[in-house]
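Let the sequences and hints guide you as you build the complete structure.
Number of protein chains: 2
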Amino acid sequence: MDLWFSETHETDLRMSCRVKQVLYHKKSKYQDVLVLDTLRFGRMLVLDGCVMTTERDEFVYHELIAHPALLACDNPKDVCVVGGGDGGTVREVLKHPSVERVVLAEIDQDVIDVCREFFPGHTTGLNDPRVEIQVGDGFEYLKQHPGDFDVILSDSTDPIGPGVVLFSAKYFDLAKSAMKQGGCFVTQAEGMWCRSHSAVSIRNELLNHFTNCEWYGAPIPTYPGGYWSFLIASDIIDFRESLDRNRQKLIEKTTKYYSAKLQAGLFSMPRFLLLEFENDLSH
Amino acid sequence: MDLWFSETHETDLRMSCRVKQVLYHKKSKYQDVLVLDTLRFGRMLVLDGCVMTTERDEFVYHELIAHPALLACDNPKDVCVVGGGDGGTVREVLKHPSVERVVLAEIDQDVIDVCREFFPGHTTGLNDPRVEIQVGDGFEYLKQHPGDFDVILSDSTDPIGPGVVLFSAKYFDLAKSAMKQGGCFVTQAEGMWCRSHSAVSIRNELLNHFTNCEWYGAPIPTYPGGYWSFLIASDIIDFRESLDRNRQKLIEKTTKYYSAKLQAGLFSMPRFLLLEFENDLSH
Numbered sequence: 001m002d003l004w005f006s007e008t009h010e011t012d013l014r015m016s017c018r019v020k021q022v023l024y025h026k027k028s029k030y031q032d033v034l035v036l037d038t039l040r041f042g043r044m045l046v047l048d049g050c051v052m053t054t055e056r057d058e059f060v061y062h063e064l065i066a067h068p069a070l071l072a073c074d075n076p077k078d079v080c081v082v083g084g085g086d087g088g089t090v091r092e093v094l095k096h097p098s099v100e101r102v103v104l105a106e107i108d109q110d111v112i113d114v115c116r117e118f119f120p121g122h123t124t125g126l127n128d129p130r131v132e133i134q135v136g137d138g139f140e141y142l143k144q145h146p147g148d149f150d151v152i153l154s155d156s157t158d159p160i161g162p163g164v165v166l167f168s169a170k171y172f173d174l175a176k177s178a179m180k181q182g183g184c185f186v187t188q189a190e191g192m193w194c195r196s197h198s199a200v201s202i203r204n205e206l207l208n209h210f211t212n213c214e215w216y217g218a219p220i221p222t223y224p225g226g227y228w229s230f231l232i233a234s235d236i237i238d239f240r241e242s243l244d245r246n247r248q249k250l251i252e253k254t255t256k257y258y259s260a261k262l263q264a265g266l267f268s269m270p271r272f273l274l275l276e277f278e279n280d281l282s283h
Numbered sequence: 001m002d003l004w005f006s007e008t009h010e011t012d013l014r015m016s017c018r019v020k021q022v023l024y025h026k027k028s029k030y031q032d033v034l035v036l037d038t039l040r041f042g043r044m045l046v047l048d049g050c051v052m053t054t055e056r057d058e059f060v061y062h063e064l065i066a067h068p069a070l071l072a073c074d075n076p077k078d079v080c081v082v083g084g085g086d087g088g089t090v091r092e093v094l095k096h097p098s099v100e101r102v103v104l105a106e107i108d109q110d111v112i113d114v115c116r117e118f119f120p121g122h123t124t125g126l127n128d129p130r131v132e133i134q135v136g137d138g139f140e141y142l143k144q145h146p147g148d149f150d151v152i153l154s155d156s157t158d159p160i161g162p163g164v165v166l167f168s169a170k171y172f173d174l175a176k177s178a179m180k181q182g183g184c185f186v187t188q189a190e191g192m193w194c195r196s197h198s199a200v201s202i203r204n205e206l207l208n209h210f211t212n213c214e215w216y217g218a219p220i221p222t223y224p225g226g227y228w229s230f231l232i233a234s235d236i237i238d239f240r241e242s243l244d245r246n247r248q249k250l251i252e253k254t255t256k257y258y259s260a261k262l263q264a265g266l267f268s269m270p271r272f273l274l275l276e277f278e279n280d281l282s283h
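From first to last, the protein sequence lines stand for chains A and B. The numbering used here puts the last residue of the first sequence at 283; the count rises by one with no breaks. The numbering used here puts the last residue of the second sequence at 283; the count rises by one with no breaks.
If you are wondering where the hints come from, they were derived from the structure by calculation, not from laboratory data. Worth double-checking, as some hints may not be accurate.
To be verified - Simulated pairs of lysine-lysine, DSS-like, Cα-Cα distance not exceeding 30 Å:
id : chain 1 : residue 1 : chain 2 : residue 2
1  : A       : Lys261    : B       : Lys26
2  : B       : Lys261    : A       : Lys261
3  : B       : Lys20     : A       : Lys261
4  : A       : Lys256    : B       : Lys261
5  : A       : Lys253    : B       : Lys261
6  : B       : Lys253    : B       : Lys27
7  : B       : Lys180    : B       : Lys95
8  : B       : Lys26     : A       : Lys249
9  : A       : Lys261    : B       : Lys253
10 : B       : Lys261    : B       : Lys77
Laid out in structure tokens, this is it:
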């Protein structure tokens, strides 16, 4: 059977995967939810036509959105994951022994249910007693929980349509007010090749709310352009100084991408991106 | 006009780019040579259906194949680029003031001519008086020049068809014998996601010929899986110790990807790849 799934990025670039089987396809209250079994990447979750996660490469994204922040933060206990209904980020957060409570604020119950059924490797943590699932608007949830969190991980869809609010000045204000002193905020920040300007403008917005903000990237073959950006921000933490070597050594026993050595070079931006940032800041 | 170029990787993954215009298409003595003008990546050189280089992302590949070796080597004077008919690698090599002679050993004169016409940004160095173009078999050229080179950069096509010889034990032996004492050899080593096992087996083969060999990678959106592997090898140089900070600072004034900071983390392998290497070595 010559069945292919394609995602087109901004009208001129397209990634296609050969598909063994369509495992699930329904519209939820919020979005089109599709689960495919692909030859190259195993099972693949597609929301509104965009690849969200796959069995084969998910570890890169989930390790990278979680570990730098958890390791930078001193003794993190309370963590909120905004979005992230597939469970992969929660699974990584739970690897940190200091963590006492992880709130998963996901708007779409169907995404959680579908991932429990089709992505058991992602959702292993969701039944952990430390996890509290809040189905609803993450924005509203944070508003009602000021000063609650050591770490907030914004594991959202793209800043298009319903996701746009999770990249707004108002949201970053709210995230900051939902954080404890010395807390740490991370957001995914779009593709380095397809939407590098997103990372530039999100970083500049974050610097209006937080004192420190670092960019980092990771290779993710199923995301547009194959390389993804993250931003980590805090009022207190100097990310280049604060990573605890002993805790890194413990975490890297559990990872498939992240390591202490990799962390050592993680905040080094490619020069073209550095120049984009500097240019933008000088306007 | 809805015109697309597609490259299919190992039957189950496909990258497609929207095309403005086909600028050139002919069979050379060795291969099918196609030049496209694409919306996302500008001009694109395609050999036998595989993307070789594009205007927009070429700097990553060419900076990464050249600078680590040139900077690791003490006072490099004589450099050989095997393959690399597009000229991008030669351009980067010429940025190093100690270099007195660059031999470009490219088998296909048509590739050189087509790139001179359609990729002026790549070929700026080809008329430099230090450059000697040898149209012919790189394997044969090295055989006739024992002990000539400080650095050999193997800027070849994939280890399939005519390129396979440039990944063989015999070629690595030859490369070594064409190098001066303390010389340094680099080869591209295929995609991290699509052909990670290639890097593993090439590295193991290189370790049969050289004492030291390090892996490094870089994001290249037009190559299969979006992330590419390189291997750097030497009998003498400890790559983690030998990079000259002052020369790095000079080179990074000219680069769009490479920097001293980036170099600091460059040889850190993702853990899954490290485990693949270790597993393979233990067999």
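Hints versus structure:
no.	hint	result
1	A:Lys261 / B:Lys26	violated (47 Å)
2	B:Lys261 / A:Lys261	holds (13 Å)
3	B:Lys20 / A:Lys261	violated (43 Å)
4	A:Lys256 / B:Lys261	holds (24 Å)
5	A:Lys253 / B:Lys261	holds (26 Å)
6	B:Lys253 / B:Lys27	violated (39 Å)
7	B:Lys180 / B:Lys95	holds (21 Å)
8	B:Lys26 / A:Lys249	violated (55 Å)
9	A:Lys261 / B:Lys253	holds (26 Å)
10	B:Lys261 / B:Lys77	holds (25 Å)
When held up to the earlier numbered hints, the structure conflicts with 1, 3, 6, 8 and fits the remainder.
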